[in-house]
Structures are given as C-alpha cells and as structure tokens.
Amino acid sequence: MAGSGAAHLNTSKLNLGVLRDYYRRSFLECIDKCKGSKALVWDDGLTGPFGLIAEASMLKEHHEVERMFRLQSSGLPTSQVQNIIFIVRPRLNLMETIAQCLLSEEVKGSHVRKEFYLLFVPRHSLLCEKKLKELGVYGSFSSVDAFNLGLIPFDSDLLSMEMDESYRECYLENDFTCMFFAAQSLMILQALYGTIPYISGKGDCAKQVVEMMRRMKIETGGVEPQITPQIDNLLILDRNVDLLTPLLSQLTYEGLIDEIFNIKNTNVKLPPEKFLTAEEKKNTKDEALTEPKKFILNSADELYAELRDKNFNAVGSIVSRKAKTITAEFDERHAAKTVGEMKQFVSKLPHLQAARSSLGIHTSIAELIKEVTDSDEFLDSLRCQQELTHGLETDKVNPYIEDCIARMEPLCKVLRLVCIQSLCNDGLKPKVLEYYKREIIQTYGFEHLVTLSNLEKTGFLRLHSTRFYQTIRKTLKLIVEEVNEQNPNDIAYVYSGYAPLSVRLAQYLARPGWRSITEVLNILPGPKVEEVQQIPMGLRKRRASVTSSQSSMGEQKLTLVFFLGGVTQAEVAALRFLAQQDDANSGVPQEYVVATTRIITGNSLMEELIEGAQRYHPDGGSVH
Amino acid sequence: MATADWNPLGEVYYRKCDFYTMEWAGVVDISKHIVAVSTYGGPIALMKDESKTGRVVTNLKPVIGIYTAAGKVQSQIRWNSGNVVTIGWSSTEELLCIQEDGVVLVYDMFLTFQRTFGMGQEAKDVKILSAKIFPTVQGSGIAVMTTSFRIFLISNVDSPRIVRLAEVPGLNEAPSCWAIVVTDRQVRALVAKGEELFLVDQGGQYQQQQPDLDENSGPITLMAVSFNSKYMALFTQQGFIWIGTADLQKKYCEFNTKSTKLPDQLVWCGNGAVVGLWDKLLLVIGPDKDWIRYNMDTPVHLVQEEDGLRIIGNETHEFLQKVPTMTEDIFKIGSLKPGAILYEASKEFQNGNQKADEYIRMIKEKLDEAVNQCILAAGHEIEPSKQRMLLRAASFGKCFLTDYRPEAFVNMCQMLRVLNQVRHHTVAIPLTYTQLEHLSMPVLIDRLVLRKLFGLAVKICQYLKVPDNEGRSRIMAHWASFKVQQREDEEKLARAISQKLLDVPGVSFSEIAGVALKQGKKQLAIKLLDYEARASEQVPLLLEIGQDQAALTKAIDSGDTDLVYTVLLHLKDKQQNPGDFFMMIRSMPIALSLYIQYCRQQNLKIVEDLYYQEDNSSDEGNCKVTRSYLLDHVEERVKLLEDAMNCFHRCKNDFASKQTDEQIRLLRHQRKLEDETGHTYADLSLQKTLYKLTIDGNHQYVEKLRKEFKVPDRRFWIMKIYALAEVQEWGEMEKLSKTKKAPVGIEMFIDACMKERNVGEARKYLPRVPPELKVKCLIRLRMFREAAEAALENKSEDDFEYVLSRLGLADRQVAEQIRGMRGQFGARK
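Just so you know, the sequences run in chain order S and F.
Here the working numbering is used: the first residue of the first sequence is 1, the next is one more, and so on.
Here the working numbering is used: the first residue of the second sequence is 1001, the next is one more, and so on.
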C-alpha cells in the first residue's frame, strides 16, 4: 500500500515507508468510520504533516472525501456532503473556532442532514472536550476520536513530530506533554521496528522520556514486538545540552534554505522571479509574480539529495559539474547512430529531463541564497559568531552586536548573537548583561523584559559562572581550524569551523564511547541516561561467528538520534556525514536516523521564547 | 471390535459411548426433577418437580441443585422467590430461572445471584404459561408465552430488550405446542393451533404454514428444532413424526411411530437424526425413515449437542452420535480406504509382522491421505487408548513421508491432551473434538475459569503457549477477582494476590481493585491499585476512592498531562475553597506549572493571582507586564505597570523595576506627543520613538528624551544618521559628520547613504575614511577596482583577499581584471 511519492522513504536501512503506511492505514481507518461523502476541515497546522502521509488526491478518489476546507471562524463553505470531519490539534482556541463553525451551520440549516465528527491529532484532550462542552457544541459530534500521529517521516532518515512550541513548553513552561508524545512515538517505532536494545541519553527531558518509555512498556503488559530489532541504539539528547549549536548560522545548503526561507514540512516557498522562463515572464501578469512558488525538498530529488548537506561554498562547483554531465548526456543523441542507440537514449530521456529541471531549480535557489550570503550583514554576523565561538573578547560588550541593536536589525538576530556570547563566555558579567538587556528593551520594546527573562530561565542568557566552555570546546574539539568545505573530513564543515556539540556527543558515543568524555558529560546540564532493554534470545541479531573472516567488518549499526526540543538541518547534515564516513580503523560503520520534536532554526527557536501581546490575543500567534 | 457398538441407520452408523458413571447414582432420580443442561458439555441443573413426585403439594419451596456433567454436586439452594416456570442455561453458562410473573433471575453455576430482569408488564400482569431459552447470534434469548397467549421475547439476556411477537389469529386457548425458530438473525415463533401452524414475527406479521403432513396426522403436539436451526421435527397427535427443513418447505420423511402417546422429549441427535423418548425407550429416526431403538436402564434426559446427543440417566452419562466419516472409513469392516490400511499396517508393525510393509506398499501413493485420516479419526475418539492407536498409526505412516508437514499431527496431539484433561470426571466437561473446534479454545478456557479451575486453565494456556495477555494474565486476573470476594483479612488478601500476580505481566490491578471496591473493601482496593501499571486505569479509581493526593502523584508520574488535568479539574471542582486546592498542588511543581498553563489559556489575571499566592513576585511582575499590553487606556496600563514595579521591587529585581519605571514615563511621553502632534507613538520602543521624532523633525523632544533616558551616544548617533538618511536630510547629515569627537566612524555615514541607495552622497564621505577601512568602504560602494588598488597600496594581503572574496557582486569583466591584479600583488612583494 506504499503510496505514490513515498519511494524515497525506503532507501535507507530503516524502511520508514513502513511507518508512513502505518499512519496512513490508521488515518484511513479513522475517516472510513463514517460512511458516505465527507468533507475534511483542517487545522492549518496539520495540512503540512498530513500531506506527507496521505495525499489529497488519494483521499478524494478512494475515500469519498469530496471537499477539503480550512478551519476558520468565518464558518464552512456550503457543500452537499453527508459528513463533516474536523481534524485538529487539541488547542483551546481551535475549539472556539469549531464551535463558531458548528453554530453557523445550524443557523444556515440545510436540507441535507449532516453528521459531524471530531478527530484530535495526536490525542484526546480533556481540556478541549471540556471547552467544547462549555461552548455547548460537544453533543453535536457523532464521535470524537483521536489519531495518534507522532513522528512523521520527512525523509528516509528524518522524522519529526512538528510540535510548534516544543522547546518553550518543555524548558520554559515545564509542560512535558510533548515528551509524553515523544515517548509514545518511540513506542510505536519499537512496535514496528523491534525493541531498541541500547538507550543512551543526556538531559532532564531525555531521562523523563526514558522513564515514560519504561512505564509504557510495563503498561503494555509485557507484550514485546516479535521483531528482530532493526534499530541498534537510541540516543536521546535534550536541546538544553547544546543550546549553542542552533543559534549559529547554518552553512549547509539545506540549512541556509531553512534559515532564509523557512522549510515547512519539506516544503519551501520562494520568490518566483528566478523560476520563470523569459517567455513566462512576458506572459504572466504582475500579480502572478508576487505569488510565491512552492517546492518540495526531499531526497526523491537526486540532485538535492547530493547538495543538501554540502557546505554552501561547495554547492557551486557541484552544480556546474552536474550541468556539464547533463549537457554531455544530452549531446549523446548526436552520437546515436543506430536505432538501438537512439532507443536507449530515448529511454533515458525522462530521467535526463527531470535532472535538467532540477538543476535549473537548484541553480536558482543557490542564486537566491548567494544574494544573502554575499551581503555585509550576513558576513559580518558570521565573523562575529566565529570570534565568539573561538572565545575572543567574549567578556566585553561586543561592538558589532551593539551596532546591530543601534541599527535596529531583526530582534532574533540580536538575541542569537547575545546568547552565543553568553554561552561561549559561560555567562556574562552583570554589567555587560544588564547593558545588553537595557539596549534591547530600549530599542525593541519594553515587552521584551519578559523575553529576556525567558532567555534567562532557559539558560540562553545567564550571569557569569564557572568556566566550562573552554573545557568542552577543547575536549570535544568543537573548533576545527582547517576545514575543507569542498571535501570535508570533519563534521565542523556544516558551520565552517564549528562542530555541533550535539553531534559530537553522538560521534563519541559510537566511538570510543561516552566513558572517554565523562568529564564533559558531567559539566553538561542534566543527568546521563543509560539503559539496556533485554531482547528475547530468539530475536537477537545473529552475530557473525568470531572465526569468520568477515567478523571484523561487522554489520552496520543503526542509531536513532532523538533531539528533544528541536534539531537544525545542519546537525542532521553532520550526522549524515558521519554515516558516510567508512573509517577503516573504526570497525563498526554507523548509520543514523534522526528524530525530533521539531526542525528548528535559530530564529524559530528564539521566536518560541519571544514574548509579546500577540501570544494572548485570540486567534493571534501560534500559541494554544 | 471397534464396530461392536455401531448401529446402522440407513447408510450411516450411530454409536453410543459412555462419558461418565454418575456420582449421583442412588441419590438422584432425574425423573422426579426438571432438568436443564448447558450445551457443550456444560453442567446440569436439577429442580424438584412437585408434579412428578406425586406427593401432596406442600408450601415447601423447591431445591435447585447444580451438578457437573459427571453428577457431582456443585451447589444447592432452596428457592425462595416466586414460582419457577422454566430453568435453563445461557451460552455463557449462567443459570436462568424464569418465574411465572416473567421475572428472570440469573445465577452463576455456583448459584451466586448475578442480576435480574423482567419480561415486561403484560407478562407480569397476566403471568406466563411457558418459556423457552434459545441460542441466538448474540448469545441466548428467552421467549415467554403469557396466559393471554401472546409471545414476548428478548434475543440477548445480556442486554434485555423486550419484543412482542405478532398475534396468532383466533387463538383463544393454549396452543398445542410452540417453538422458536432463529434464521438469519431473525427470531420468530412457530405456534401450533390444532392442525394449523403459524409463523409469527417481530414486525407484527403472521404467516400460516402448510407443512406437507399426512391428512390423518392430527394436531401437532411437539416440535423440535435442530442444533443448527436448519431442521425441524414435528410430532402429531396420531403418532406421526414429520422431518424436514426449519422453514417447513421441504419434507424428508414422515414416520409413523404408531404411538399416540406424547413422547417425553423429542430432540435432534446432531443434525442428522431425530430422537424420541418415551419413558425408557429411545427411538432414533433417520431422514429416510430408518430407525434404531434403544432401551435405557433408567429414566434419562436428552441434551442436543452440535454433533450428537447426551443421554443423562440416573447411573450414567452417555453420548449418542453418528459415527464420523473418518472413523467409519478406518474401522468399517472390509474398508479399503488408505486410513484403514495404514491402521492395519501399524497394528501389524507393532506385532512384528512383515505384512506391515506389504500394506504400506499398497497405499504408497495415498499415504499422506491415510495419515490425515488417522489423525482426524483420533480426534473423534473419546477413549484415550483408541486415540493412541490411531495416532500411532499416523505417526507410523508419517515415517514414510519425506515432506509431510507435522503441524496437523502436533496440533491434534495437543488438542487431545487438552480434551482428555477437561473430560476427566473431576473437571467433567465432556466436549468432543468437533464441539471444541466450534467453541474455540479461548471460550473453553473461559469455561474453566467460570468453574474456578484457575490452575488447570493456566496450565493449558502455558502448554498451548497462549500469549500471556490472552492466557495466563487474564486467568490470574479472574482468580484475583474471585479471591477478593473471599471473607478474609484484607491485608492478607492483598499480600496473597500481589505475590501471585506481580510477575504476571499485564494484569489489570485496577479491575481487581474495582471488584474489591464493590465488595466494600476500600483498603484492599487502595493496596491493589498501588500495583496497577497503567496510570490511566489507576487514577480515575483513586479519585473515586478519594485518594486525591495519590491520584495526583500517580498522574504526574505517568507523564500523561491529560491525566494530570483530569485530576486537577476534579480536585478544583471538589474543593470548596480554592485556597485548599492551591495548597494541595503547590508542593508539586509539575502539577502547579500545568495548572498555570491551563489558567494562562483561560485568563492571565488568574495566573497573576497564582504567582501572588506563591510569592513568586518575579513571574507575577512579568505577567502584569504582558497583560498591560492587552489594555487600551494608558492610565490603566500605567496602573498595572506600577503594580508590576512593586512586584519587581519585592523580589529585589532592581533592573526590572527601573525599566518598568522608564516604560511608565515613556508611555506618558508618548501619550503627550500624540496629544500634541496627532501622530501615533503608542507601543513604539524608545529607539523607535526617537527615530520617528527625528523623521518628524521634532529634534527638541528627541534631545529631551535622550537626556531623560540616558541613551548611549553611539546608539543615538546611529539612530540619527539612519533617520536623517531616510528623510534625505543630507545637509543635516553632513553637518553631523563634522561634529568633533563623533562616537561613530565615518563608514557609518556611507552605510546609511548606501542603505538609501544614494551613491553620490556616499562618495562625499570617502576621502575622510581612515586608510584601514578604505577597502571595506569602497566595496560597500561597489567600487571594486578602486578597492583592489587601495589594497595594493596598503600592501595588505588580507584586504586583497577580502576584495577577492566579494567579487561575486562585481561585474564579470571587472572581476576578471581584479583577479589579474593578483599577480601584480605578488610581484610587488
């Protein structure tokens, strides 16, 4: 039942298509429960994720879904369907919108008797149901169900729960709901891919998740999935263990696209000018030009799969090399003399054409990015970040940051830089911190008094304390001076010289083991978790016999790295890079699958913590 | 001889075999009782029938006794309710006692009262004549006929819903007989009114039926529906037995018994023959008018089963069945079926006779068929010795087959082991293989549990490797539920149960605790709940018992926030005094922060109050700050901010309180400015206010604010330069640049001009750029060649590299030229 457009999920060692099919099946079961024609009413936040598991066309053709609406307070468009299914996240403001829709339907009346259904994603919420009762519409639903959509497969090695404010909820508000969901999704993964024998983790939330998993395992009553484990290790990392990495500017191709244009559920919207042919430009009217153009970014696109994790400085040369090969292949048609050769060429043609169009797209995207990366703002900021991570003059007010504030550059950028400085200096001197805070409040507004307080609560900003950063930096070799951006030999290439701490932890875990970095692990916040889950004898992997000559080669070990509170594309790229390294002396090659509560950038992380009145206006902002 | 007890009935054979010698022999005379037997080898219920004893009817209420199929008494009670019309068993082995007022009392097989329900007002008012219990798709149904000759029925005793059937036209005396016919989920009644037959249904319709009966047969006096509800037998006053399909459309035969005496019982043996019972005479009649006659030693009671007939007498419990085809193939004298020959071969082999080989050769081609026949035939034998012989034959035959799959053989061995166990007289469930197949193993295990044979049930599950959650765990949970009902010390019970169950995964302790609670054993319930692994089950029950604190702790431990909210909202509703509620949750940070989250979504003000109660002035202040932005009037906002300032004061956050103070002043200034100028300044930051004022040309006020708020010089200058550039005040800007001791470099002016894309203005400042910044400024002006030259002049390799790195923005031709200059650079050096 592997649906169309999901073939790229099956390419890695762990077939995530299985997970997608599982979700797809359960979702279809949910909506097939109501018989007859139906309209789905979507919470905006869910259309993206659902697009990845069940295509609209499939729903329309096979499951009597005649209409799809957006959930909005203006009510539902008129339709002749028998069933209306609301598909929403359990958020109180959405309940109000639903109530408005239902009430306006009542006023409208209709000769067709409609049935209403409510489907919560990922699960029921007492508070929401209570709210619906208060609003007097709970009784209108024929059924209220839940569809447990947890980790959504984004790519063959990437899963995300896309929980908007997971970092804020966990680390600021002490609300561990999304940790519970994370634990639940890990249980689903284990049900599909077998119990994961080894679990390691670092951080308070990681510990909590592991404990919840243990509890859930007991709750299932000892029913172990009867599958040979396909995942060998699980590494759970708190975002709080490494706050620095996501603040830095990502320098991989995909990371930059995300930083500049925001990738949402593998989709990105780009300004259209670059993507039109000359003719199209002539023919289309001006309005059409302002409509952003949407692209899907995943490994189904061969060229993108190759480019995404490269340092942006290496992208240009790959693109031009690709251009040459494609042109050469097109030229083969001139060389084709015989009918057979011609036929062979024609059979290659669709593939070639796809490659050429993809090449065109990525050339344009790269140009768009280059406009930004060539700007002074970008380069100066990068230089400033590098100075800070190197620990240069981090204990004084940084003149560049000062000027950024004076020039009223975007708040996120300023906050990122100040936080980087605080993290690289193990906190700021009281005078420096106060100066920054005052500058920010006077420039960006008094409401950010609360924003700054949020940053202090979560540890992004703090007063000076014991010097640890230097130790961590040196032990884990976070700063790598000689980086080869074209043909990297270390993960530091993703930040042009800075190796993400989180990924270093994963790297050390695989080899030589965490015992070698005990000191650093003790410095980093939160407890260390190590857990072994017993695998029944019959399900254990058969080890190659010791005498066998191939035993030294070993089988690839698959590690699932779960980032609680978010992961950046650059970190994902670094893990992919590790997977590709076949170290001759390492013995056991590693493969990684990344899971997270949300894919973040420094900006989106800061936005979670920025306080403003819009958070509390009804219908405003993304919060609850 | 294996065929010694076989009797031919037309082309097939019937055999009668012994199940048990009854333990009640000499004590019980079943002819003096109303007998009800549960199908599938179920227990026997006996109720003294006063009409049969012939004694003077006394006021003494009858005794109801439950016996196992082997006649061992299980329990007895003296009936102390109304007059019982009928007793019978439901499909889940519950005893249904139907009283003449239509009240049905339900007991388990240990005669523990379960529940009761009625058959409706009319039945209650006019009393009922007779009642029938019948199997349905959902379970068991009950039909009653009232003294007004109306039939009421329910089709599932587990959820009784009374339906009235249509009236039989002109029925003014009791019908000679009636029966319930179940077809395709529809339950109808067949009522005989003299020689006429009527089929009445739930929709109020009646149909007269015309079975093809001999005209001399007379009124129909007895009816029997076969076990699978497909066939029907009718007995008429003149002694005819009509055999046909249940819809009466097809007649198989009409048999003249030449007896006008009404049989005591008319039943089906399996689905292939009808059996009539007259006292001790048993007459088996086949569909082709063949018959067999048995004389019984004692009075008996007949029980229809799926594949035969149980004959329960005072001394024995026997089973009459059609000889299964497989068995017939093997044992029939002169049979040449492969199975028969394999069986012979196996016997010869055991005798050490070479004929064995000869026989095997005979059936070499069909050996697998022979093995299958022997396996299946073994299943149909009751006696273990015969089973063994047949299995041995199968096993022998298997030796000659190379790729025979062993599952069938293994499964049969396992099934037979289980069957022999449950047939043993201590358990006394005389199931046949066919019945077990239909009943299914899980149901059999349930039935063992119902008999409280927990140990045996667990052993069977373990033997069959039934997963724990379906087998052992489930049984142990039943055991525990049974255990908590015992009158024992609660402490002891808790210990006994936990000891047994702790290593059994997946036992629902909350269910057991629920049972304990129903028994009023609260302490036991609390103790048991402590073992419950699933918080979602445990927490609601804890709340029910009033263990609020425990419920909250468990909910928090589970990590399931929805569960925590369940408890929190429950507690909030319950506590009269919000203070008490707050006291309870404040010791639990997670509960508190979740509650704050909840309040935050309702109303920020409540959150403030919470922080206030918690003495968390810092967050209280933050909350007030945020809320101030939701207010419209400046003075309201100021008031709230003043409160916030106090909060910050309390927690000694001088910085925050100073900032709040400044914000209050800024708000007032903005208000004043709006009044004076009509421009909006509300909600602008200080810097943006200054910027806007500069653009508006209100330099006086700018200075005022600058002084009051101590804006750092550099930031102020930068603000001013960019603001002047935006409004194209180039003159003002230049004047500014000539101020002595300017806190900003000249490059800032260039940048401001470039931001407004004014290259001309920007160039004016170029000469004043210090040499070390020259290259950078030239690049900002996109003057790449000049930048490169300047770098050469400065002899600065770094600068040149910088120029090279920025060539991406340059014109291609210029870029080429500059790259060319690189060599020059090297030469000069």
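Hints were generated in silico from the structure; no laboratory data involved.
Computed from a predicted model, the values in this text were never measured in an experiment.
Note that CB positions come from ideal geometry on N, CA and C, so glycine has one too.
One thing to keep in mind: the hints can contain errors.
Unchecked claim - The list that follows gives simulated cross-link-like pairs (lysine to any residue, SDA-like), each with its CA atoms no further than 20 Å apart:
| no. | chain 1 | residue 1 | chain 2 | residue 2 |
| --- | --- | --- | --- | --- |
| 1 | F | Lys1658 | F | Glu1635 |
| 2 | S | Lys133 | F | Lys1572 |
| 3 | S | Lys130 | F | Lys1574 |
| 4 | S | Lys217 | F | Arg1637 |
| 5 | S | Lys269 | S | Ser357 |
| 6 | S | Lys133 | F | Tyr1598 |
| 7 | F | Lys1124 | F | Val1073 |
| 8 | S | Lys370 | F | Tyr1802 |
| 9 | F | Lys1776 | S | Lys130 |
| 10 | S | Lys370 | F | Arg1782 |
| 11 | F | Lys1132 | F | Gly1118 |
| 12 | S | Lys130 | F | Gln1575 |
| 13 | F | Lys1048 | F | Val1073 |
| 14 | F | Lys1605 | F | Arg1637 |
| 15 | F | Lys1755 | S | Asp376 |
Claimed, not checked - Residues on chain S that point at chain F, a partial pick, calculated with CB under 7 Å:
| no. | residue |
| --- | --- |
| 16 | Leu92 |
| 17 | Glu96 |
| 18 | Ser125 |
| 19 | Leu127 |
| 20 | Met212 |
| 21 | Glu219 |
| 22 | Gln226 |
| 23 | Leu368 |
| 24 | Ile369 |
| 25 | Glu371 |
| 26 | Glu377 |
| 27 | Ser381 |
| 28 | Tyr444 |
| 29 | Phe446 |
| 30 | Val450 |
Consistency of the hints with the structure:
no. : hint                    : result
1   : F/Lys1658 <-> F/Glu1635 : 19 Å, holds
2   : S/Lys133 <-> F/Lys1572  : 17 Å, holds
3   : S/Lys130 <-> F/Lys1574  : 16 Å, holds
4   : S/Lys217 <-> F/Arg1637  : 52 Å, violated
5   : S/Lys269 <-> S/Ser357   : 17 Å, holds
6   : S/Lys133 <-> F/Tyr1598  : 16 Å, holds
7   : F/Lys1124 <-> F/Val1073 : 33 Å, violated
8   : S/Lys370 <-> F/Tyr1802  : 16 Å, holds
9   : F/Lys1776 <-> S/Lys130  : 63 Å, violated
10  : S/Lys370 <-> F/Arg1782  : 16 Å, holds
11  : F/Lys1132 <-> F/Gly1118 : 14 Å, holds
12  : S/Lys130 <-> F/Gln1575  : 19 Å, holds
13  : F/Lys1048 <-> F/Val1073 : 15 Å, holds
14  : F/Lys1605 <-> F/Arg1637 : 14 Å, holds
15  : F/Lys1755 <-> S/Asp376  : 12 Å, holds
16  : Leu92                   : 5 Å, holds
17  : Glu96                   : 11 Å, violated
18  : Ser125                  : 6 Å, holds
19  : Leu127                  : 6 Å, holds
20  : Met212                  : 4 Å, holds
21  : Glu219                  : 5 Å, holds
22  : Gln226                  : 10 Å, violated
23  : Leu368                  : 13 Å, violated
24  : Ile369                  : 12 Å, violated
25  : Glu371                  : 9 Å, violated
26  : Glu377                  : 11 Å, violated
27  : Ser381                  : 15 Å, violated
28  : Tyr444                  : 6 Å, holds
29  : Phe446                  : 4 Å, holds
30  : Val450                  : 5 Å, holds
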